[in-house]
Every structure is written in structure tokens, then in C-alpha cells.
Amino acid sequence: MPLITTLPNPVKSNRVVQALALAALGCVWLLDLGVVQPNRIVSGTGYGLYASTGWLGTGAVISLLVVVFVLATRPAQKRFQVVAVVLTVALMTLPLLLEVLARRQLPEDSGYARIGVGAGFWSLAFLLALMLLETLGQLKASRRFQLSTVLLIVAGWWLCASREGLSSLALIREYSNRSDQFFQALTVHLSLSLGAVAISAMLAFALAVAMVKRERMRRPLLGLVSFMQTIPSLALFGLLIAPLGALSDAFPFLQTLGIRGIGWAPALLALIAYSLLPMVRNTYVALMEVPESVVDAGRGMGMNERQIFRQVKLPLALPVIIEGVRITTIQAIGLTAVAALIGAGGFGTFIFQGLGQAAMDLVLLGALPTVFLALAADAILSALKFQETSK
Amino acid sequence: MRVWLAPLVLIASLCLLAAWLPTMTPFFSWVEPGSDNLIYKRDSFLTLLQSHIWLVLVSAAIGTLVAVSAGIFVTRPFGREFLPLVSQIASIGQTVPPVAVLALAVPLMGFGEKPTLFALVLYGLLPILRNTLAGLNGINPAVLESAKGMGMSSVQVLLKVELPLAGRVILAGIRTSVTINIATAAIGSTIGARTLGDPVIAGLVNGNTAYVLQGAILIGLLALATDSLFEAVERTWARAFSA
Amino acid sequence: MIELKSVTRRFGDAVAVDDIDLTVETGEVCVLVGSSGCGKSTTLRMINRLLPRTSGEILVDGEDINKADPEALRLNMGYAIQSTGLFPHWTVARNIGVVPDLLKWPAGKRDERVDELLILLGLDPETDAIKYPHQLSGGQAQRVGVARALAGDPNILLMDEPFGALDAITRENLQQEMLRIQRQLNKTTVFVTHDIDEALKLATRIAVMDKGKIIQHDTPEEILRRPASAFVENLIGKGDRGLKLLALRSVGELMERYPQPRKREPNADGLKEADSLRFALSVMVWKNASRLPVNSEAGEEVGTVTREQLLQGGA
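Chains A, B and C, in that order, give the protein sequences. Quick note: the first sequence, position 190, residue 191 per the numbering used here, numbers continuous. Quick note: the second sequence, position 28, residue 29 per the numbering used here, numbers continuous. Quick note: the third sequence, position 8, residue 1149 per the numbering used here, numbers continuous.
For the record, the hints were derived by calculation from the structure and aren't laboratory data. It is possible that some hints are incorrect.
The calculated DSSO-like cross-link candidates involving lysine-lysine, where the alpha carbons are at most 30 Å apart (straight line), are [claimed, not checked]:
1) C:1250 x B:161
2) B:161 x C:1328
3) C:1245 x B:161
4) C:1342 x C:1413
5) C:1428 x C:1146
6) C:1208 x B:161
7) C:1250 x C:1272
8) C:1413 x C:1428
9) A:79 x A:214
10) A:79 x A:141
11) C:1328 x C:1413
12) C:1208 x C:1352
13) C:1342 x C:1208
14) C:1272 x B:161
Facing chain C, a subset of chain B residues (Cβ under 8 Å, in silico) [as the list claims (entries may be wrong)]:
15) 111
16) 149
17) 152
18) 154
19) 159
20) 162
21) 163
22) 164
23) 166
24) 209
All residues carry an ideal CB built from backbone N, CA and C; glycine is no exception.
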């Protein structure tokens, strides 16, 4: 008999969606939706929801939130379906609010003037996303359904951003000023982080197999990789500069390969060092946790050790190994941004340039794609792991 | 008591090194030959160390307070509705790179210590929150059932049973959070916080490897000392509950 | 005394306990028996208000339990469960002392009580008291669970399959201890089990439950002799009903007692007064004996029992 009998939820309102809707109302009331800047450095004037979009936009946003609030008073399946559709459409078309702001408040004559995204817009988008997340959870939506919803919203934003009306958005201005650099940064960022993940995956696999075979190597190896994980990124990058610099001074041919104290070489080394711990640990645990009975059964059927490893242990360990790859990839994408400090390139370059010039939109141009890459990597690898687990 | 030896040695060497680095010019002239600026002088290393630790400490305290209370709230009957959303936020939030959180804090709050602290708190509370939830949800339901059946009130169950049992997992979360925050605080130098990242950034900007090295050594040592401190606390804790 | 009056419990649309009436007299052991999902645990958990009832009345000594503060109510009801629910971060002594602590007993009185209970349950106050639950065997952990339930000297004891997870030998031992302790303490006990043999052994009266209803509420002997329905008959097992009846009575009840206890012959086989008739019959069949001497606890021969007596008067 189950010890704790879960009670089926009595019919009452969904306070989560309601609380979020109230919070969203508060945010659009208190915070600036957008900022009109005369040029890229000056901070500009903020505009609230009403000042930005007039009664039409204000009415639309408030009635959206009120409708969602009211619909959430009874958690019926039908109502949540409506809420999910309403929220998805709202999120897809959200950038249009900024377009209205641009049309109403942007001075016509100034070529430098631009629209900055305000805290109100971000919080509204964030809270709407949380409401959608909760609603999809209540509907027990499948992974595939959730993913398609996200893709729909991304597509919506993409379409909005490519409209003429939003060309004055500061973020888009920054992007169109350096679209070449942007794609170069993307290439560098991806190749550095994915390269580090690939190399460390191979290394980690060898280490983990060695640890499984020779138990006494376990402690020193795990100790070493977790030691490296403990060292903060900035310190590790810094510590690698001197030895690599000395190395390339001593062997000039290394310089022709691009190996110097700063640049991609120390970045890649440090990224590999960081990637080892999660990768080694997960691979080792995954291989060790294959049930002994399954291995015995394989042996009993006449498989040799090699066949057992390939056909039994590896497939069973795969989901946990993929989880290691997921953690590592997310971490590497973030650390690559830091590596821009030692001249490795990537989106971090925009972040730190932007910070140096106090150009906030340049910071955003670096930070937002970094976040997006990390989230995308998370989504893809989680899906892969899920697929492996459910096989 | 042997577990406390490593952290003590590391902390002592961190403090000594912070005090004595300025006198180690011969070593740094070997690293950066032909330069007059061998030692980072804008702030003393001790000041930087102090303010670095202060930032991490304050953010850990606020983060723990907020995360543990939130974790308790969503595991009580009256807050359980919020549990799925909060645990999703905790796991999705950790996907966002800390440096991005730091960078995004600037447009909201400008430069300086404040946005750094904000980013540290925000990012640091996620691992604590996740571990609090894991700790509280991981308790054997039979234990809670019998605690209630004995006649404990819900506050007594929380304080005497749930929190002590979840304590180790929560502590591990705080450890993760502090480790991340020591690293993130160092990068906070780029947005104007005074931390041990300052010499590294200054060195990178001016091409002075000696500065970079000084900062990097101290940051690394700080991280190791903190980590071994947590290790010692965790071991002592584990020993206390399994004689 | 515990009285349940037309008590019903629903989970959503499902009815777990369906309009039951049950009275447990003071000092008796009422065993709720039935297959899993029959509502026996739900009934038990409504008595200490771990579950609210949907309708009906539950009275303890004439007072409706909903009028009392739930914590105060539970402090006066010992509660032991199958998975023990011992607090893993506390020693055995602190686990047993938890209710005395909640009742704010002085430390000295509490410690005395803990030692007393450790001895009562056959544990060592020196070595076992300082152990942590993970260092105990299953049987020891369950003893601690029972000790903890008794610690606050409650009037009522609620036990939910406390011996369900133990191996046969340990369970048998603990059942014996249970009987001994019950003779000593006379607690009003509600005991849940799915094991009819355990029920027959421990119960003053048995309530057989099925699909949320009480099918029959009677003494073990009556249940065996006159099962109310095919379900009860099935539960007690048709094949060995006679043996089960024999198991209910002790040799002491049936034997022919000597006027004077006699000196026991050395190495002679014999029964004890507390042995069940079933055991006596088994020994006789095995030894091919028609008569066996019966010895007292003190070791003197106090009577004899014959095969005829067993076959005629046993069941």
C-alpha cells in the first residue's frame, strides 16, 4: 500500500499563473518598456508602457494579462489550452510593442537615434515565458510540443526583427554595423567550445576506461580533474599565459601555428582542462553503474570482454555519458565568452568591448547569443539523452 | 582534526602571499624582464582579497537565505503549486553562463559593486535552490510520516527532521555556488567591482604578464582554500551523523 | 476505547473506506486484516488524523478526535510502521526519546524511560543506544520502532504492518515479544497486517476488511469456526483451519494437571505450558508418542497431555 497517498488536486485556481500575471502587471506599470537614445553611448530617456505604445498597446497588454488571470481561476484542461495559445501568440508578437514605440517616439530627423530595450520589456517577456512554461507543464505537453512552441516564438521574433519598423532597435543597429564580425564570432565561439568538448570527450573516455580497469588510478585522476575544475577561469587563463608565452618565445615555429601566450591556444587548453571533470566523472560513473547482473548475463551467454563492453556496457552507459557532454558543452560555451579576455575571440569580445566602451547594446549583442547558444546546446543534448534513455 | 589541516595551511599561505607578493620583485622581473612595473600597485593585494571575499560572502549569505526559504516554501502544502515552475527555473537558470548574467546586470544597474553583487546573488542561488529541493524531496517519506505520527508539529518536522537531513545536500549546493561565485567575482573586475581580478585584467590590457600572474595566483589560491574549507566542513558533518 | 461510527474516506472518486463501524475496547488488540488496498491502513491513519476522514465520527474515550489538537492527539498514540521511519540523523536513544522530548519530560526521566524500553525490547542500553539507524539489522530497527512508539507511555498503540518487512524467524520472535509486552502493558492497540497467521496470533479481536468494508469483526476463534463469508473462509485457508484453531490454545489450558508438581526426569522430552496445541500435536506425530509430559517455566513436570485429548478437545 503506498505510504503517502497523493490526493488528486481539488478544483481550485492556478495561483502560479495568477501570481505571475500580477507580477507582470506590476512590472509593466513600474518599469520602462523601452528607451529612446540619441546615439549609442548616451543613456537616453525611458518610456513606460503607456508613453511607449499609447492606449492601444497598453490596452492590449493589460487585457492579455487580465484574460490570462481570469482563465487561470479554474484549472480546466480547455482553459489551459486557450491560455497556452494566447501566451504563445503574445510572446511571438511581443517585439511589435517596440516597433510601436519606435514609430511614436523616435525623432524622424536623427540618423543616430535608436530604441533600447527596457527592463519592463525584458521582465514582461520573462514572466510571459514562465507562464507559458507553467501552462505547458499543467497540460503535460510532450517534449516535442514544447520544443515546437519555442521554435514558433523564435521564428516570431526573427520575423519581427527583420521588419523595417524595428531597424532602429539598438541591438539590431549594433548587429547590422558588424554582421561580418558577428558571424566570425559565432564561428570562433562554436569551434572553440565544441572543439574543446570533442577533444576532452576523447581524453575523458580514455581516462574513464583506465579508471574502470585500474581502480587505484581512480583517486589521483579524479583528484586532478576536480582540482582543475576548482581553479577560477580567469586565474587559469592567466596562469597559462606565462608558460605558453615562454614556449612560443623559445620555439618560434609555434608562433607561426598561432600558439602564443594569448589567443586561442591557452583558451583551448583551459577549456579542455575544465571539461575533463564532468566528462570523466560521468563516463566513469556510467560505466561503473552498469548492473553486474547484466554483465554476468552477457558473460554467461558467451560474450567476450570486448563484446560485453561494446554491446552491453556502452549502450547502457550512453545516457549518463551524454549528460556529461551536456554539462560540459554548456560550461564551455560560457567559458569561451570569458576567454575573449585573453584574445580568443568569440561573443565575449562584444561583451568586453561593450563594457569597455560603456555601449550596453554591444554587451547585449555578445551576451544574448551566448545565452542562446547555451540554451540551444542544452535543448539539443537533453533531447538526445532523452531519446537514448527511452530507447 | 586532520581534515582542518589543509584548509588552514591554504588560508595561511593565501594571506601570507597576499602580504608578501610585493616583495617578490626578483621573481617577477624574471617573468617580465625589462619592465619597471613589476608589482600591481593600484590597490594592495590584501584590500583586493578582502573585497573579493566580502562580495562572495555577502552573495552566498543572501543567496542561501533566499534559496533555502524558497525551497522550503515550495515544498510546504501551501506552496507546492509553485514547485514545478521553481525547479524548472533552477535547472534552466543554471544553463545561462555566469559571465552573461554578469554582463546583463550592467544595462540594468550600471557599473560597480552593485551589479556584480546582484549577478552573484542571482546566479549563486540557483545551485543552492536546486540542492535544497533535492535534499528536501529526497527524504524518505516514511521518516516524515512517522515524524508527523509521533505528534511533531509541521514546524518541528521542518526544523528537527527535514532541515538536518537535507543539510548535507544544501551544503554541497552552497559549495558549488561559492566556487562559481569566486570565479564570477573575479570577472566582476570588468564591470568595475574591486576584486582579485583587477590585476589580471590590468595585466591583460597592458600586456603585463607579471600583473596577470599575481592576480591569477591569488585567485587560484583563494578558490583552493575555500574548497578545502568546504571539504573539511562536509567531512566533519558526515562524521557527526555516523559514528 | 476507540469508536469508529460510519466512517468513510474517499480519494477523489475512489472509496477507500466505506461507511465502517468499529469499536476497540480498552486494553484489547484489534487487528485489521485484509489484502492490500482494502482500506486497513487508511482506517488506521484516520485514527491519528494523518488522513482526514470524509464523513463519520471517530471517538477516543468518548471524545471526537477532530476536537483535539492533532499534535496532542498523536502524542498520546504510539505509531509504528513497516519501514520504521527511524530518523537517520539521530541515535537509537534519541529516536526513542523523541516523544518524551516533545512532551517536555525532564532529561533524567526521559533517559530512564529510554533504558527501560531498550531492555523491554531486548536491546542493550550500553551498546545499542548510541548506534545510528543504518547500523541496525532489520529486526533491531523494528524493535527500536516499537520502543519509540511506546516511549511516551501512550494509551493507544497504532501499528501498520510493523513486522511486514522482516524474515520469517525474526518476525516470529518479534510477535512473541509483542505478546509478552502486551500482557505486561495492556495498551489499546490497533494493528494492521495482511498476514492472517499474525492476526490470529496477536489479536483479541480481528476485523477482516475487503474493498473498504469490514466483513467480519470477531475473536480469532469465532473467525476460524464461523467465517462470515467465502472471502473470510478463503483468507483463513480451508486446508489447515483445524491446525490454526489448535494454534490458538496453549497446552496449559488442555493438559491434565497433577495435584503436585513432580520432579522432572533428566533428558526426558516435554512440552511447556505456553506451547500451542498445534506444536504439541506436531511433536507427538514426529515422536510417534501418544502422551507427553508438560513442564512449567521452573522446570518441574506439572501435568501430561495425550493425543486423544488433543484430537477431541483441541479444536
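Failing hints, ascending? 5, 9, 13, 15, 19, 21, 22 and 24
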